[in-house]
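Given the coordinates of chain A, assemble chain B onto it according to the supplied hints.
As you go down the protein sequences, you meet chains A and B in turn.
The working numbering puts the first sequence at residues 1 to 131.
The working numbering puts the second sequence at residues 1 to 128.
By construction, these hints were calculated from the structure, which means they are not laboratory data.
Quick reminder that beta carbons are idealized off the backbone N, C-alpha and C, glycines included.
Treat the hints with care, since some could be wrong.
To be verified - Derived DEER-like restraints, expressed as beta-carbon distance ranges:
| id | chain 1 | residue 1 | chain 2 | residue 2 | range |
| --- | --- | --- | --- | --- | --- |
| 1 | B | 73 | A | 51 | 39 to 49 Å |
| 2 | B | 15 | A | 32 | 22 to 32 Å |
| 3 | B | 72 | A | 122 | 17 to 27 Å |
| 4 | A | 101 | B | 37 | 30 to 40 Å |
| 5 | B | 106 | A | 70 | 23 to 33 Å |
| 6 | B | 37 | A | 116 | 29 to 39 Å |
| 7 | A | 90 | B | 63 | 41 to 51 Å |
| 8 | A | 69 | B | 72 | 14 to 24 Å |
| 9 | B | 101 | A | 73 | 35 to 45 Å |
| 10 | A | 25 | B | 78 | 48 to 58 Å |
Said to hold, decoys possible - Covered stretches of chain A, as calculated for chain B (at least 3 residues, CB under 8 Å):
| id | region |
| --- | --- |
| 11 | 4–11 |
| 12 | 105–117 |
Said to hold, decoys possible - Anything over 10 Å on all C-beta distances counts as not near chain A; from chain B, calculated:
| id | residue |
| --- | --- |
| 13 | 6 |
| 14 | 22 |
| 15 | 59 |
| 16 | 60 |
| 17 | 79 |
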Amino acid sequence: MQENEIIATGRRKTSIAVVKLVPGKGRVFVNGKTLDGYFGNLPILEMMIYRPLALTDNQEKYDVKVKVIGGGVSSQAGAIAHGISRALLKANEENKNLLRAEGLLTRDARVKERKKYGRKRARKRFQFSKR
Amino acid sequence: MNCPNCNSCMIMVEREDIELDWCPSCCGFWFSLIELKLFAKKFNIEKNVLGFLKSIDLKTKEKKRYCPKCLNSMYKVNVNGIILDKCVNNCGLWFDSYELSKFINSLSCEKLSDNRTINFLGEFFNVR
Numbered sequence: 001m002q003e004n005e006i007i008a009t010g011r012r013k014t015s016i017a018v019v020k021l022v023p024g025k026g027r028v029f030v031n032g033k034t035l036d037g038y039f040g041n042l043p044i045l046e047m048m049i050y051r052p053l054a055l056t057d058n059q060e061k062y063d064v065k066v067k068v069i070g071g072g073v074s075s076q077a078g079a080i081a082h083g084i085s086r087a088l089l090k091a092n093e094e095n096k097n098l099l100r101a102e103g104l105l106t107r108d109a110r111v112k113e114r115k116k117y118g119r120k121r122a123r124k125r126f127q128f129s130k131r
Numbered sequence: 001m002n003c004p005n006c007n008s009c010m011i012m013v014e015r016e017d018i019e020l021d022w023c024p025s026c027c028g029f030w031f032s033l034i035e036l037k038l039f040a041k042k043f044n045i046e047k048n049v050l051g052f053l054k055s056i057d058l059k060t061k062e063k064k065r066y067c068p069k070c071l072n073s074m075y076k077v078n079v080n081g082i083i084l085d086k087c088v089n090n091c092g093l094w095f096d097s098y099e100l101s102k103f104i105n106s107l108s109c110e111k112l113s114d115n116r117t118i119n120f121l122g123e124f125f126n127v128r
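So that you can see chain A by itself, here it is in the shape it has in the complex (with noise of 0.2 Å):
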């Protein structure tokens, strides 16, 4: 591990996210891919993932290198935002506010509901044919 390397884990559903923020140009590699070649043509996940960067005004501070695993794209990036949100509190204690108050740094605890016996999904009934 490098000096001025920052690591924390992000989650988020299933996706867990280790991310390492180190000095740089704000260049971000998901999974050795950069960001624009992991999530496609998905604006809105990489504006999720700048968020915290960009509330703290370390958009051009920091390079951010992430090893995301599990759950799908939407999952993975809030696991991604979750991690960069805590690294930039292990970087600057200032930055809790801000963050805070946005809800970057609570772990969202919400995960799918599993599907039951005698419903179409995890709540929806199955049509109802009185004769």
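Chain B alone, transformed into the frame defined by chain A:
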């Protein structure tokens, strides 16, 4: 997620970047496979912990339990002399409250490079 032992709702707890599901009524805890791998990697105990994932089902008198994640039945596996429940699909491991203290003792008996693992588990659940 519901507890495989008493079926009450489990709570997510996190410490040192490891997240576990803990049952407040029976004090057992669920270690998902991803978290187990992170845990083993963090504390350099991959050989000690991950070896038993390939182990086979033991025949014991213990009650059969069901995985809280995929709801399939769980195998009984022997880890350092302790019988734990492991999901058939390798979703994770279930530790009963009394199994945890035994597990910590078994780890402390082995020659580990440092005591961080034992301290982590002990502090997490106030078990020594």
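So, going through the hints one by one against the coordinates:
Range check, residue 73(B) to residue 51(A): about 43 Å between beta-carbon atoms, so the 39 to 49 Å window is met. Under the hint 22 to 32 Å, the C-beta atoms of residue 15(B) and residue 32(A), about 29 Å apart, fit the expected range. Restraint check, residue 72(B) to residue 122(A): a C-beta distance of roughly 18 Å satisfies the suggested window 17 to 27 Å. Checked against the hint of 30 to 40 Å, the pair residue 101(A) and residue 37(B) passes, with Cβ atoms roughly 34 Å apart.
Evaluation of the 23 to 33 Å hint for residue 106(B) and residue 70(A) yields a pass: the beta carbon distance comes to about 29 Å. For residue 37(B) and residue 116(A), the Cβ-Cβ distance of about 30 Å falls inside the hinted range of 29 to 39 Å, so the restraint holds. In this structure, residue 90(A) and residue 63(B) meet the distance hint of 41 to 51 Å, their C-beta atoms being roughly 43 Å apart. Residue 69(A) and residue 72(B) have their C-beta atoms about 22 Å apart, which keeps the hinted 14 to 24 Å range intact.
The given range of 35 to 45 Å is respected by residue 101(B) and residue 73(A), whose C-beta atoms sit roughly 41 Å from each other. Range check, residue 25(A) to residue 78(B): about 52 Å between beta-carbon atoms, so the 48 to 58 Å window is met. Restraint check on the region 4–11 of chain A versus chain B: 3 residues with Cβ-Cβ distances below 8 Å, three needed, restraint holds. With 4 residues carrying a beta carbon less than 8 Å from a beta carbon of chain B, the region 105–117 of chain A meets the three-residue requirement, and the given coverage holds.
In this structure residue 6(B) is separated from chain A by more than 10 Å, as the shortest Cβ-Cβ distance comes to about 18 Å. No Cβ of chain A approaches the Cβ of residue 22(B) within 10 Å, the least distance being about 13 Å, so the stated non-interface status holds. Distance check for residue 59(B) against chain A: the nearest CB is about 29 Å away, which clears 10 Å, and the non-interface claim stands. Chain A leaves residue 60(B) outside its interface by the beta-carbon criterion, the shortest separation being 28 Å against a cut-off of 10 Å.
Listed as a non-interface residue, residue 79(B) keeps its Cβ farther than 10 Å from every Cβ of chain A; the least gap is roughly 23 Å.
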